[in-house]
Amino acid sequence: MNDAPLRLAAVLFEGFETLDVFGPLQIFGNAPDVFEIFTVAPASGPVRSRQGQQVVAEYDLHGCPEPDALLVPGGWGTRELVDDARFIDWLAARGRDASLTMSVCTGAALIARAGLLDGRRATTNKLAFDWVRSQGPEVEWQTHARWIDEGEVVTSAGVSAGIDMALGVIARLVGEDRARLLADLAEYEWNRNPDHDRFATAAGLA
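Heads up, the working numbering is the position in the sequence shown plus 739, with the first residue counted as 1.
Don't read these hints as lab results, they were simulated from the structure. Take the hints with a grain of salt, since some may be wrong.
[As the list claims (entries may be wrong)] So the derived label-pair ranges between C-beta atoms look like this:
id	residue 1	residue 2	range
1	870	824	11 to 21 Å
2	832	926	17 to 27 Å
3	823	928	32 to 42 Å
In this text, a Cβ means the ideal position worked out from N, Cα and C, and glycines have one as well.
Make a model of the complete structure from these sequences and hints.
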């Protein structure tokens with residue numbers, strides 16, 4: 740990767756899932772040489788998560804710096820946001836220009852609607868799999884996967900799977916030793932196997 744850190748836009752919206760955002764950011768934020776993080780939402784200012792906390796979005800869609808990477812979470816708010824043409828158009832444009840787009844949970848529905856997953860393998864939260872799949876009929880949806888790395892686009896299953904995905908991305912960008920160190924700093928037992936997905940079985944998908 741380049742010497743300069745990648746500018747990572749963490750996307751927020753009303754009803755986002757807290758851990759979808761802050762699980763990966765716990766990892767990425769401890770690697771400031773790899774990622775420089777900022778937050779963006781349809782409108783800047785306080786944004787309420789599904790769990791009730793308010794988080795400040797530093798930028799709105801049009802005042803946002805050009806990101807090198809995107810992190811798109813899931814949550815109940817995705818059900819409305821998939822039909823927000825202004826947001827989807829922004830996401831499509833930014834995702835095409837970014838070198839890396841990542842989704843957690845039902846965030847995959849948003850990047851699917853933006854056309855960023857067409858012709859690629861992808862996964863999502865197994866309990867919402869059918870709904871997310873309906874948002875991207877041209878996507879090669881995988882029912883059994885913790886996360887899937889397609890190079891420019893990386894998708895993960897539900898909620899905590901985003902942490903495994905984030906560590907996998909770090910391992911690809913700067914090496915597995917660094918990923919293990921970041922997992923240890925978080926006292927997190929990293930699931931290194933992207934195909935280890937017991938939740939697909941529990942949801943009756945595998």
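Here is what the structure says about each hint:
Take residue 870 and residue 824: their Cβ atoms lie about 19 Å apart, and the range 11 to 21 Å holds. About 38 Å separates the C-beta atoms of residue 832 and residue 926, a value inconsistent with the hinted range of 17 to 27 Å. Residue 823 and residue 928 have their C-beta atoms about 37 Å apart, which keeps the hinted 32 to 42 Å range intact.
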